[in-house]
Amino acid sequence: MDLKEVIGLKEEALKKIDEAKDLKDIEELRIAYLSKKGKVSGLMEVMRSIPKEEKAAFGKEVNIVKDEITKALEAKKDELKKIEDTKRLEAEKIDITLDAYTPKLGTLHPLTLVQEAIEDCFVGLGYKVAEGPEVELDYYNFERANIPEGHPARDMQDSLYIDEKTLLRTHTTAIQMRVLEKEAHDLPIKLICPGKVYRRDNDDATHSHQFMQAEGLVVAEGITLGDLKGTLQFMIDSLFGEGHKIRFRPSYFPFTEPSVEVDMSCHMCHGKGCPVCKGTGWIEILGSGMVHPNVLKMAGIDPERYTGFAFGIGLERVAMLKYGIDDIRDLYTNDARFLEAFKRLD
Amino acid sequence: MRLSLKWLGDLVDLSGLSVDDIIDKTVKAGFEVADHERLAYGEGLVVGEVIECHDHPDSDHLHITKVNIGDEVLDIVCGAPNCRKGIKAIVAQVGAKLPEMTIKKGIIRGVESNGMLCSLLELGVKKELLDDDSPSLSGIEELDDRFAVGDTDILEKLGLDDDILEIELTANRSDCLSVFAMAKEMAAILDRKCHLPEYEGYSDIGDKTDFRLMSKTANCPHFLAKVVNSITIKPSPAWMREHLIASGVKSINNVIDISNYVMLETGQPMHFYDLRTNPLKEITVVDDYEGPYEALDGVTYDIKKGDIMITDNGRPSGIAGIMGGENTKILDDTKGIIIESALFDGPQVRRTANRLGLQTEAAMRFAKGLDPLAQKKALDRALQLLVEYADAKGIEETVEWGKCTYEPYTVKETVEHLNKVNGTHLTGDEIVSVLKRLDLKPEVEGDKIIAHIPSYRANDLKIAEDIDEEVIRLIGYDDLEATLPKMPMTIGKLTRRQSLRREIRAILSHNGLNEIVSYTLGDKASVEDTLLPVGEPICLASPLNDARKYIRVSLMNSLVDTLAYNEAHYNKDVNLFEISTLYAKGDIQKERLAIILSGDLNNSKVLHSKVENSFYTIKGLTLELLDHLGFELGRIQVVKNDLDTTHFHPYRSCILKMGKDVLAILGEIHPQIVEEKKIPKAYYLELDLDMLVDSKPAKIQAHKISRFPSVSRDLSFVLADEIAIGEVIKAMKKAGGPLVKHIEVFDIYTGTQVASGHRSVSFNIVYGASDHTLKVEEVNEVHDKIKATISERYGGDLRS
Chain A
1 MDLKEVIGLK
11 EEALKKIDEA
21 KDLKDIEELR
31 IAYLSKKGKV
41 SGLMEVMRSI
51 PKEEKAAFGK
61 EVNIVKDEIT
71 KALEAKKDEL
81 KKIEDTKRLE
91 AEKIDITLDA
101 YTPKLGTLHP
111 LTLVQEAIED
121 CFVGLGYKVA
131 EGPEVELDYY
141 NFERANIPEG
151 HPARDMQDSL
161 YIDEKTLLRT
171 HTTAIQMRVL
181 EKEAHDLPIK
191 LICPGKVYRR
201 DNDDATHSHQ
211 FMQAEGLVVA
221 EGITLGDLKG
231 TLQFMIDSLF
241 GEGHKIRFRP
251 SYFPFTEPSV
261 EVDMSCHMCH
271 GKGCPVCKGT
281 GWIEILGSGM
291 VHPNVLKMAG
301 IDPERYTGFA
311 FGIGLERVAM
321 LKYGIDDIRD
331 LYTNDARFLE
341 AFKRLD
Chain B
1 MRLSLKWLGD
11 LVDLSGLSVD
21 DIIDKTVKAG
31 FEVADHERLA
41 YGEGLVVGEV
51 IECHDHPDSD
61 HLHITKVNIG
71 DEVLDIVCGA
81 PNCRKGIKAI
91 VAQVGAKLPE
101 MTIKKGIIRG
111 VESNGMLCSL
121 LELGVKKELL
131 DDDSPSLSGI
141 EELDDRFAVG
151 DTDILEKLGL
161 DDDILEIELT
171 ANRSDCLSVF
181 AMAKEMAAIL
191 DRKCHLPEYE
201 GYSDIGDKTD
211 FRLMSKTANC
221 PHFLAKVVNS
231 ITIKPSPAWM
241 REHLIASGVK
251 SINNVIDISN
261 YVMLETGQPM
271 HFYDLRTNPL
281 KEITVVDDYE
291 GPYEALDGVT
301 YDIKKGDIMI
311 TDNGRPSGIA
321 GIMGGENTKI
331 LDDTKGIIIE
341 SALFDGPQVR
351 RTANRLGLQT
361 EAAMRFAKGL
371 DPLAQKKALD
381 RALQLLVEYA
391 DAKGIEETVE
401 WGKCTYEPYT
411 VKETVEHLNK
421 VNGTHLTGDE
431 IVSVLKRLDL
441 KPEVEGDKII
451 AHIPSYRAND
461 LKIAEDIDEE
471 VIRLIGYDDL
481 EATLPKMPMT
491 IGKLTRRQSL
501 RREIRAILSH
511 NGLNEIVSYT
521 LGDKASVEDT
531 LLPVGEPICL
541 ASPLNDARKY
551 IRVSLMNSLV
561 DTLAYNEAHY
571 NKDVNLFEIS
581 TLYAKGDIQK
591 ERLAIILSGD
601 LNNSKVLHSK
611 VENSFYTIKG
621 LTLELLDHLG
631 FELGRIQVVK
641 NDLDTTHFHP
651 YRSCILKMGK
661 DVLAILGEIH
671 PQIVEEKKIP
681 KAYYLELDLD
691 MLVDSKPAKI
701 QAHKISRFPS
711 VSRDLSFVLA
721 DEIAIGEVIK
731 AMKKAGGPLV
741 KHIEVFDIYT
751 GTQVASGHRS
761 VSFNIVYGAS
771 DHTLKVEEVN
781 EVHDKIKATI
791 SERYGGDLRS
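Protein sequence lines correspond, in order, to chains A and B.
Position 21 (the first sequence) corresponds to 21 in the numbering used here; numbering is contiguous.
Position 431 (the second sequence) corresponds to 431 in the numbering used here; numbering is contiguous.
The hints are simulated quantities; they were obtained by calculation from the structure and are not laboratory data.
Hints may contain errors.
[What the hints assert, rightly or not] Label-pair ranges, simulated between beta-carbon atoms: (1) G273(A) with A525(B): 19 to 29 Å; (2) E166(B) with K297(A): 31 to 41 Å; (3) I325(A) with P347(B): 33 to 43 Å; (4) E242(A) with K493(B): 50 to 60 Å; (5) A755(B) with L345(A): 53 to 63 Å; (6) E528(B) with H207(A): 47 to 57 Å; (7) H703(B) with L345(A): 31 to 41 Å; (8) G241(A) with T645(B): 30 to 40 Å; (9) L345(A) with K493(B): 42 to 52 Å; (10) R502(B) with I325(A): 53 to 63 Å; (11) K272(A) with H510(B): 56 to 66 Å; (12) I748(B) with G241(A): 47 to 57 Å; (13) N82(B) with I325(A): 32 to 42 Å; (14) K272(A) with E528(B): 51 to 61 Å.
[Unchecked claim] 30 Å max Cα-Cα, derived DSS-like pairs, lysine-lysine: (15) K165(A) with K730(B); (16) K412(B) with K25(B); (17) K165(A) with K305(B); (18) K775(B) with K787(B); (19) K104(A) with K619(B); (20) K657(B) with K775(B); (21) K610(B) with K104(A); (22) K305(B) with K368(B).
[Stated by the list, open to error] If you want a taste of the chain A side facing chain B, the calculated C-beta under 8 Å gives, among others: (23) A32; (24) D163; (25) L191.
Remember, it's a predicted structure, so these values are computed and weren't measured experimentally.
Think of the CB as a built atom: it goes at the ideal place given N, C-alpha and C, for glycine as much as any other residue.
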């Protein structure tokens with residue numbers, strides 16, 4: 001055995017390593033060359049028969065060979081492992097276009113979405129959310145709201161009466177009247193009152209005998225019409241996104257004075273004019289005003305000292321505008337295909 | 001309110017204002033303009049004379065004409081029967097624009113036609129406003145001597161060059177149903193002068209009368225009547241006809257037109273009766289007449305007690321405030337008249353008009369309210385016009401029943417108050433100038449501004465806040481500064497009930513259920529046969545129809561119907577819930593949650609992964625929901641359904657109790673209902689939400705996690721079918737004591753390996769202790785005890 005043979009062994013090993021096809025070949029080569037009984041270890045045995053003066057050089061050479069083979073093995077092993085890993089992942093390939101297993105999410109009703117959006121907007125401003133009975137006394141529904149006897153709404157023809165004194169409330173104003181009475185001595189009042197209301201209307205694409213409103217009420221010292229404007233601007237921004245203009249138009253409600261109808265700039269065309277706003281750039285969105293002094297007086301609140309504002313918004317109207325619903329009856333039919341759309345975040 | 005801008009222009013200076021300006025200012029002052037139309041429209045119109053007219057050889061009705069329009073002669077083919085040589089007609093030349101078309105050169109049955117001869121209908125005039133003998137009704141309009149060939153100011157000369165605004169009035173502004181009041185309002189809005197005719201006192205003349213007038217009903221508190229013995233029936237003057245037509249009222253003759261015209265001017269409905277039909281010269285207003293009555297529209301109406309009726313000579317002669325009668329109406333040969341200018345109760349007129357389906361201009365005005373001085377104003381104005389345009393003579397003195405109780409009054413306003421309410425910074429001078437525009441004759445007294453309210457605003461302007469509004473509405477809201485209330489901080493929060501609802505909605509929607517909102521009102525059947533009604537159903541006294549007559553007392557029918565709708569529309573796997581308050585007689589009010597499940601709760605066909613709904617899905621969903629809300633399993637007892645087995649499958653339903661009270665009922669909907677309602681097999685829950693609101697939920701309490709390992713053992717027993725496994729688990733837990741941490745069924749087997757009437761049930765039991773590692777002997781001891789208990793108590797045959 002001489003150095004030439006050692007080199008030969010090395011070259012043989014490196015060649016085999018280079019030809020190795022998989023990790024199994026690598027393992028076999030490792031055993032064949034580097035294990036205790038392997039060929040490189042065999043060279044150590046040969047050392048004994050080497051003349052003393054050549055031992056050092058031979059030993060050095062053997063170590064170099066061992067080192068080179070080890071490194072080559074490892075490098076080849078890494079290379080093959082990478083290839084095998086890639087192959088394995090390839091074998092695990094799936095069709096990502098197949099239908100998924102979808103955890104089915106249900107939906108909140110669009111009227112609930114609108115109601116909660118309004119509630120959240122005002123709860124953030126420190127309002128309480130108040131409720132009241134749908135079967136309501138004529139007294140709270142009309143009398144307290146400054147709607148006198150003989151007013152068309154008080155006719156059996158227009159409202160759903162149960163008996164002479166009771167009816168299905170025609171507006172959520174009735175809730176305000178109850179709270180005003182109860183909290184007259186616990187001012188200020190900051191309320192939002194959502195709920196179902198009823199009118200004696202035939203159902204069609206734009207009318208429903210049952211619908212929902214949310215009314216707001218603030219009573220304190222120094223409340224102005226300007227405060228109403230600022231508050232409503234905040235609500236419209238919160239419901240429809242920032243950047244909408246609002247406009248007040250004088251109007252009439254028995255329970256407010258002054259009364260204003262509120263328009264917002266069209267959310268579809270941003271005021272340019274489109275079919276949704278009938279070319280005007282404006283959309284009528286709610287009615288409001290300063291609480292009528294008679295309403296405050298009846299509740300036992302001094303209108304000389306306190307003023308307040310109130311507003312009422314139709315939840316169906318908001319839902320229809322926001323979500324592009326063109327028939328109010330869709331909101332009450334509860335077709336699963338219609339409801340599906342509302343699983344999206346607003 | 002149809003407002004003719006031409007008429008308005010006669011009363012208010014509109015010079016320099018475009019129609020759009022006027023509309024914009026009107027809208028901003030609180031009057032919605034619902035529509036703007038031209039009374040008639042045509043561009044490129046010219047007066048032409050038909051100088052030749054021959055029959056078209058290929059047609060039985062067309063004429064081939066030559067029409068002289070001044071600077072040229074046009075060949076025009078015309079189909080109108082009244083087209084003939086010598087008449088003057090409205091020529092729409094090639095290129096002319098009419099409401100529905102643009103005129104083009106054409107060949108009609110082989111003959112060239114360069115224009116069109118027009119009917120007024122083609123210019124957009126409404127058919128019902130034309131005179132009965134108008135040529136435009138059956139052919140082309142024939143122009144009179146006022147028109148010369150080549151004239152282009154045709155619409156002006158016809159009085160049809162008018163813009164009509166359809167103005168929507170708010171309930172407080174019924175005064176503007178009077179053109180006079182509207183003119184004053186527009187003058188205030190536009191800040192222009194207003195010139196109304198002078199007519200006050202014109203009815204104060206008259207000879208002695210023997211006319212007798214009385215009312216037997218409180219619903220006619222004031223009535224002015226006047227006999228005019230001689231009038232001449234003839235056509236009305238052109239300006240009156242034009243104003244009437246522009247206002248949508250057909251012109252008939254001078255006398256009838258005056259009654260309508262005065263109503264439009266003053267807002268007061270008037271009626272004229274033919275004097276001949278009233279030999280006893282008396283009118284009595286009653287409200288107890290019953291029977292048929294023919295009104296002047298030729299229709300016989302069914303009059304009932306309560307309807308206000310005009311009677312004379314012991315017979316009905318008019319439906320008060322709505323329409324006169326056929327038997328007393330003005331005819332072409334009428335010589336004398338009785339004038340009625342009266343006040344009838346608005347709500348009653350409205351009820352009668354609604355019931356009879358007779359919505360007249362008069363009825364609408366009574367229903368909405370009149371100027372308290374309107375009866376006298378109208379009578380004055382009518383007399384003035386009758387004298388001038390109907391040769392009224394033999395005028396008798398006015399007869400009055402009741403009286404006008406109106407007293408003029410003032411409203412006090414201060415600068416400080418106005419600015420405080422509006423959030424503005426207006427000066428006293430600015431306020432006074434607005435009040436002057438409104439003709440409120442403001443007087444300044446110290447810090448007070450006193451407004452004198454005209455009678456026509458008496459229904460509306462009563463307190464300082466009303467004045468606050470008048471001022472800001474005319475100044476305009478555009479410049480009103482938007483602020484937020486300056487007030488102490490308040491905490492905004494939801495009540496427990498409101499939060500609870502939100503939690504329930506969140507959990508159920510996250511679990512695949514869709515929330516619904518359904519109608520509160522239903523028919524009789526929907527409240528008669530229903531699950532656990534909250535009480536005796538409330539029936540509406542004035543329902544719109546039988547389908548919406550009762551207030552629901554349970555949610556089940558609503559959810560079942562909604563499921564049936566979806567089934568009929570091929571919507572599958574429909575899982576719904578609703579939260580709603582129910583009402584019943586005796587002030588009962590209860591809020592409930594209802595759930596309906598059908599098909600699968602989760603479904604993926606490709607991956608064969610789904611949860612098919614069953615009694616157990618609705619039970620599991622409900623118990624998990626309750627647990628989440630702070631009502632853990634330990635507080636809820638699941639017991640046999642002995643409350644309602646007509647709506648539920650008697651063996652696949654149960655009741656949930658909290659303490660002694662029933663919290664909910666749930667289970668499979670009875671197969672009979674499934675069949676009747678054509679719904680898929682479905683599972684239903686109805687739960688008393690009030691009970692959850694009123695009960696205290698458990699607080700979150702962190703568990704101490706044992707540091708020692710637990711031991712898991714399985715057990716299988718053969719048990720008779722009738723043995724409730726829930727009971728067996730309870731007994732196992734009791735027998736096992738504190739070391740038993742959890743027991744769960746992981747398999748139930750029935751089949752050939754097990755005797756019939758039995759099932760093999762496999763349990764997994766987890767043992768553990770928080771203070772030491774369990775020894776095998778310890779576990780064995782407890783496990784054997786459990787085995788023994790099952791064997792002894794339930795005859796369970798141990799399988800492994």
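Hint check results:
1. G273(A) with A525(B): 19 to 29 Å: Since G273(A) and A525(B) have Cβ atoms about 50 Å apart, the given range 19 to 29 Å is violated.
2. E166(B) with K297(A): 31 to 41 Å: 38 Å, holds
3. I325(A) with P347(B): 33 to 43 Å: Holds, since I325(A) and P347(B) (Cβ atoms, about 36 Å apart) stay within the stated range.
4. E242(A) with K493(B): 50 to 60 Å: At 25 Å between Cβs, range violated.
5. A755(B) with L345(A): 53 to 63 Å: 56 Å, holds
6. E528(B) with H207(A): 47 to 57 Å: Between E528(B) and H207(A), where Cβ atoms are some 28 Å apart, the hint is violated.
7. H703(B) with L345(A): 31 to 41 Å: This hint holds: roughly 34 Å between Cβ atoms.
8. G241(A) with T645(B): 30 to 40 Å: Check failed, 53 Å falls outside 30 to 40 Å.
9. L345(A) with K493(B): 42 to 52 Å: 23 Å, violated
10. R502(B) with I325(A): 53 to 63 Å: Since R502(B) and I325(A) have Cβ atoms about 23 Å apart, the given range 53 to 63 Å is violated.
11. K272(A) with H510(B): 56 to 66 Å: The hinted range 56 to 66 Å is violated for K272(A) and H510(B), with Cβ atoms some 40 Å apart.
12. I748(B) with G241(A): 47 to 57 Å: Hint holds: Cβ distance 55 Å, inside 47 to 57 Å.
13. N82(B) with I325(A): 32 to 42 Å: 53 Å, violated
14. K272(A) with E528(B): 51 to 61 Å: Holds - the Cβ-Cβ distance for K272(A) and E528(B), about 55 Å, lies within 51 to 61 Å.
15. K165(A) with K730(B): It is violated: about 55 Å lies between the C-alpha atoms, which goes past 30 Å.
16. K412(B) with K25(B): 27 Å, holds
17. K165(A) with K305(B): OK: K165(A) and K305(B) at ~24 Å, within 30 Å.
18. K775(B) with K787(B): At roughly 19 Å apart (the allowed maximum being 30 Å), K787(B) and K775(B) satisfy the hint.
19. K104(A) with K619(B): 19 Å, holds
20. K657(B) with K775(B): 40 Å, violated
21. K610(B) with K104(A): Satisfied, since the Cα-Cα distance of roughly 11 Å is no more than 30 Å.
22. K305(B) with K368(B): Holds, because 22 Å separates the two Cα atoms, which is no more than 30 Å.
23. A32: 47 Å, violated
24. D163: With Cβ-Cβ at 6 Å, under 8 Å, it holds.
25. L191: 10 Å, violated
Comparing the model with each numbered hint stated earlier shows that hints 1, 4, 6, 8, 9, 10, 11, 13, 15, 20, 23, 25 do not hold.
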